[in-house]
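> For the record, the sequence lines run as chains A and B. The opening position of the first sequence corresponds to residue 57 in the numbering used here, with each subsequent residue numbered one higher. The opening position of the second sequence corresponds to residue 8 in the numbering used here, with each subsequent residue numbered one higher.
Hints listed in this document are in silico derivations from the structure and should not be mistaken for laboratory results. All residues carry an ideal CB built from backbone N, CA and C; glycine is no exception. Among the hints, a few may not be true.
Some chain A residues near chain B, calculated using beta-carbon distances under 8 Å [unchecked claim]:
1) 71
2) 82
3) 85
4) 88
5) 93
6) 94
7) 97
8) 98
9) 100
In silico DSS-like links for lysine-lysine, alpha-carbon gap of 25 Å or less [said to hold, decoys possible]:
10) A/103 / B/29
11) A/58 / A/78
12) A/93 / A/58
13) A/109 / A/58
14) A/109 / A/93
15) A/103 / A/68
16) A/93 / B/38
17) A/109 / A/68
18) A/78 / A/103
19) A/109 / A/78
20) A/60 / B/29
21) A/58 / B/196
22) B/196 / B/30
23) A/93 / B/30
24) A/109 / A/60
25) A/93 / A/103
26) A/103 / A/58
27) A/68 / B/38
28) A/60 / B/30
29) A/93 / A/60
30) B/196 / B/29
31) A/103 / A/60
32) B/196 / A/93
33) A/58 / A/68
Have a look at the derived ranges for each label pair, beta carbon to beta carbon [said to hold, decoys possible]:
34) B/83 / A/80: 40 to 46 Å
35) A/91 / B/121: 26 to 32 Å
36) B/88 / A/110: 48 to 54 Å
Given next are the chains, with one letter for each unit.
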Amino acid sequence: MKNKLRELRAAKEWSQADLADKLEVSRQTVNAIETEKYDPSLPLAFKAARLFKLPIEEIFFDQ
Amino acid sequence: MLYTGFAMNNKPNDPEDCINLKKFSWRTDTKVNYWLFIGIVVGLANELLFHTFVPPVNGVLREDFLTWPVGIRILIESVPLLAGLLWARSMARFILGMDELHRRITVEAWLFSAMATIGFFSIWPMLNAAGISGSVYYAAHFHGEFTDKPHIFLVLWLLLDKPPSIALTLFLLNAFYILGYFILIRRYK
Chain A
57 MKNKLRELRA AKEWSQADLA DKLEVSRQTV NAIETEKYDP SLPLAFKAAR
107 LFKLPIEEIF FDQ
Chain B
8 MLYTGFAMNN KPNDPEDCIN LKKFSWRTDT KVNYWLFIGI VVGLANELLF
58 HTFVPPVNGV LREDFLTWPV GIRILIESVP LLAGLLWARS MARFILGMDE
108 LHRRITVEAW LFSAMATIGF FSIWPMLNAA GISGSVYYAA HFHGEFTDKP
158 HIFLVLWLLL DKPPSIALTL FLLNAFYILG YFILIRRYK
């Protein structure tokens, strides 16, 4: 699964650690999601969508 | 990382606080693995004091132990198992407080650890029959006699040349867990 988390985070000028704090996960988890090595659970994806005020499918999508 | 109380489920819990030397935290490790240390130390003491039938203990303490009241003997033998169960409880609460990625890796690492430990104990009698403990036994000798001080090969032989002990089981579970964690975390780096 692809995602735009890195671009969205950069637009807000947040570090990975900042985003990790807001999502209540570890920095390694944010890094693994951004590098598309790990697909987040649905609750975490919804939390990211709420944080960026975007529909979930605009952040996470197939190809 | 952050801990605000004795309970292990205060988020976030980072498994690397206990196994990665670069991030190691004695405080966290002690909270998670306190009962593991107790279990191994008491189990090892039980092994060496009550179940050893070779020099330098020479079986004297073991025979003496058998004259003790059965309740006391059962209590002494059960301490490492109880400690192991309390360790499992601490670890479960620690895992519940992890974020989803670390929780997944840790659970997979525990599965790896359990299977590896079962595999070790399954294959050990055959390795033993093939002469592995004999090799360790001869390595424990210096000039044909046992040394006065405990020797690593002697301790290894005492632990391995007999049915598996709870101390060895706890030790192997933790060792295979650490190995499994480092294998599995590589996927996400």
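> Now tell me if each hint is right for this structure.
Evaluation of the provided hints:
1. 71: Residue 71 of chain A check fails; min Cβ-Cβ to chain B is 16 Å, beyond 8 Å.
2. 82: Status holds, d = 5 Å.
3. 85: Hint holds; residue 85 of chain A Cβ to chain B Cβ min 4 Å, cut 8 Å.
4. 88: Status holds, d = 4 Å.
5. 93: holds, 5 Å
6. 94: holds, 6 Å
7. 97: Holds. Min distance 5 Å.
8. 98: Residue 98 of chain A check fails; min Cβ-Cβ to chain B is 10 Å, beyond 8 Å.
9. 100: This interface hint holds because 6 Å falls under the 8 Å limit.
10. A/103 / B/29: Status violated; Cα separation ~31 Å.
11. A/58 / A/78: Cα-Cα ~21 Å, so holds.
12. A/93 / A/58: holds, 10 Å
13. A/109 / A/58: The hint holds at about 18 Å.
14. A/109 / A/93: holds, 24 Å
15. A/103 / A/68: Cα-Cα ~16 Å, so holds.
16. A/93 / B/38: violated, 31 Å
17. A/109 / A/68: Answer holds: residue 109 of chain A to residue 68 of chain A is near 12 Å, not above 25 Å.
18. A/78 / A/103: With Cα atoms ~9 Å apart, residue 78 of chain A and residue 103 of chain A stay inside 25 Å; holds.
19. A/109 / A/78: The given pair, whose Cα atoms are some 13 Å apart, holds under the 25 Å limit.
20. A/60 / B/29: Distance ~31 Å between residue 60 of chain A and residue 29 of chain B Cα, so the pair is violated.
21. A/58 / B/196: holds, 17 Å
22. B/196 / B/30: holds, 16 Å
23. A/93 / B/30: Satisfied, since the Cα-Cα distance of roughly 23 Å is no more than 25 Å.
24. A/109 / A/60: holds, 13 Å
25. A/93 / A/103: Between residue 93 of chain A and residue 103 of chain A the Cα gap is close to 19 Å, so the pair holds against 25 Å.
26. A/103 / A/58: Roughly 17 Å separates the two Cα atoms, so the pair holds.
27. A/68 / B/38: Not satisfied, since the Cα-Cα distance of roughly 37 Å exceeds 25 Å.
28. A/60 / B/30: violated, 30 Å
29. A/93 / A/60: Roughly 14 Å between the alpha carbons, so the hint for residue 93 of chain A and residue 60 of chain A holds.
30. B/196 / B/29: holds, 16 Å
31. A/103 / A/60: With a Cα-Cα distance of about 14 Å, the restraint between residue 103 of chain A and residue 60 of chain A holds, given a limit of 25 Å.
32. B/196 / A/93: holds, 8 Å
33. A/58 / A/68: This hinted pair holds, its Cα atoms lying about 20 Å apart.
34. B/83 / A/80: 40 to 46 Å: holds, 45 Å
35. A/91 / B/121: 26 to 32 Å: Hint holds: Cβ distance 30 Å, inside 26 to 32 Å.
36. B/88 / A/110: 48 to 54 Å: At roughly 52 Å between Cβ atoms, residue 110 of chain A and residue 88 of chain B fall inside 48 to 54 Å, so the hint holds.
Violated hints for the displayed structure, listed by number in ascending order: 1, 8, 10, 16, 20, 27 and 28.
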